[in-house]
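**Q** One letter stands for each residue in the lines below.
2 protein chains.
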Amino acid sequence: MSSDAADLQEAVARFVRAFGLHQPDRTPCGTSIPTSEAHALGELARDGELRQVELVHRLRLEKSTTSRIVAQLVQRGWAERASAPGDGRGVLVRLTPQGHQAARRLAAARRARFGTALERIPADERDAVLRALTLLTEAVDEP
Amino acid sequence: MSSDAADLQEAVARFVRAFGLHQPDRTPCGTSIPTSEAHALGELARDGELRQVELVHRLRLEKSTTSRIVAQLVQRGWAERASAPGDGRGVLVRLTPQGHQAARRLAAARRARFGTALERIPADERDAVLRALTLLTEAVDEP
DNA sequence: CCATTTGGTTGCATTATCGAACTATCTGGT
DNA sequence: ACCAGATAGTTCGATAATGCAACCAAATGG
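Protein chains in written order, with the working numbering: chain A, 1 to 143; chain B, 1 to 143.
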């Protein structure tokens, strides 16, 4: 049985719905922060601080959208803007201590959600699933 | 190397961004109809006609949201509502000829998009990717 | 026959996204 | 040095999508 484009399309569509990616205001992980902020928070937690433009690239959003997301993080007291060293145009976004704490909560919620999912995948298939997802991401990614 | 929840979370996050699931007004497949309508259209094309409540289940959306999506399809002239046979409350959503045509266009666009993605996946991995995606969908789906 | 469940619709509130217009800064070529 | 063009951000306006609550109509089951 060889897979064709339609099968793949359908599998992706199913995944999107099953995972609840339709809900923009609630992360699939159950925390109460908006999805985009969760993505941004995750990236920021990874590096502690990031150029805003780097966030644009990682999140694949318009700079205007990204600017707003950062503004929201700042408003929550989770991040602060500083001017980027060596570039007067740039903004450096840095997590505050509360931001780091929020990121830890988010990470815990994610672990919970993905942990139970992982348990439902036969142990000897887990690496294959992860690998497949990575392959698919690269395949679907347009440059 | 065994996968853990964090790896899975990250892989999913990457996929979501790479595939462009953030854009609500344009399907990842490049057609100009809104994402939700595309999903609905796909399901309707599959069966020709569906109870609206069935659409609610398949799309995993609120009945209000679904009602609106159907209204939009009707407004485009792609679907029509009829009262469900044997149930005076129910609505039967049926694709019009133009609706079927739109569905074919959508299917073609999807094939194009997923076809090139598929080409980028090594041939001997394709079945594995599809299988993994299905496994993941089941794992992530909460009852 | 009435209470409850089920299927739908509409109004209200939130959130998200993009593109365009505008400002500020940096960079490369002359 | 200087100016044109690229780059980084912000703000504004328009669109889309979603959920919840309130409400109505039809079915169902004691």
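Just so you know, the hints here were simulated from the structure itself, not pulled from any lab data.
Please read these numbers as outputs of a predicted model, since none were measured by experiment.
Please note that a few of the clues may not be correct.
Where chains are identical, the list cannot tell them apart; a pair therefore holds if satisfied intra-copy or between any two copies.
[As the list claims (entries may be wrong)] With a Cα cut of at most 20 Å, we get these calculated SDA-like pairs of lysine to any residue: (1) Lys63 with Thr137; (2) Lys63 with Leu92; (3) Lys63 with Ser83; (4) Lys63 with Ala108; (5) Lys63 with Ala5; (6) Lys63 with Glu138; (7) Lys63 with Val16; (8) Lys63 with Gly115; (9) Lys63 with Ala109; (10) Lys63 with Asp4; (11) Lys63 with Thr134; (12) Lys63 with Ala128; (13) Lys63 with Asp124; (14) Lys63 with Ala18; (15) Lys63 with Asp7; (16) Lys63 with Glu37.
**Q** Broken hints, numbered, in rising order?
**A** Hints 1, 4, 5, 6, 8, 9, 10, 11, 12, 13, 15 are the ones this structure does not satisfy, whereas the remaining hints hold.
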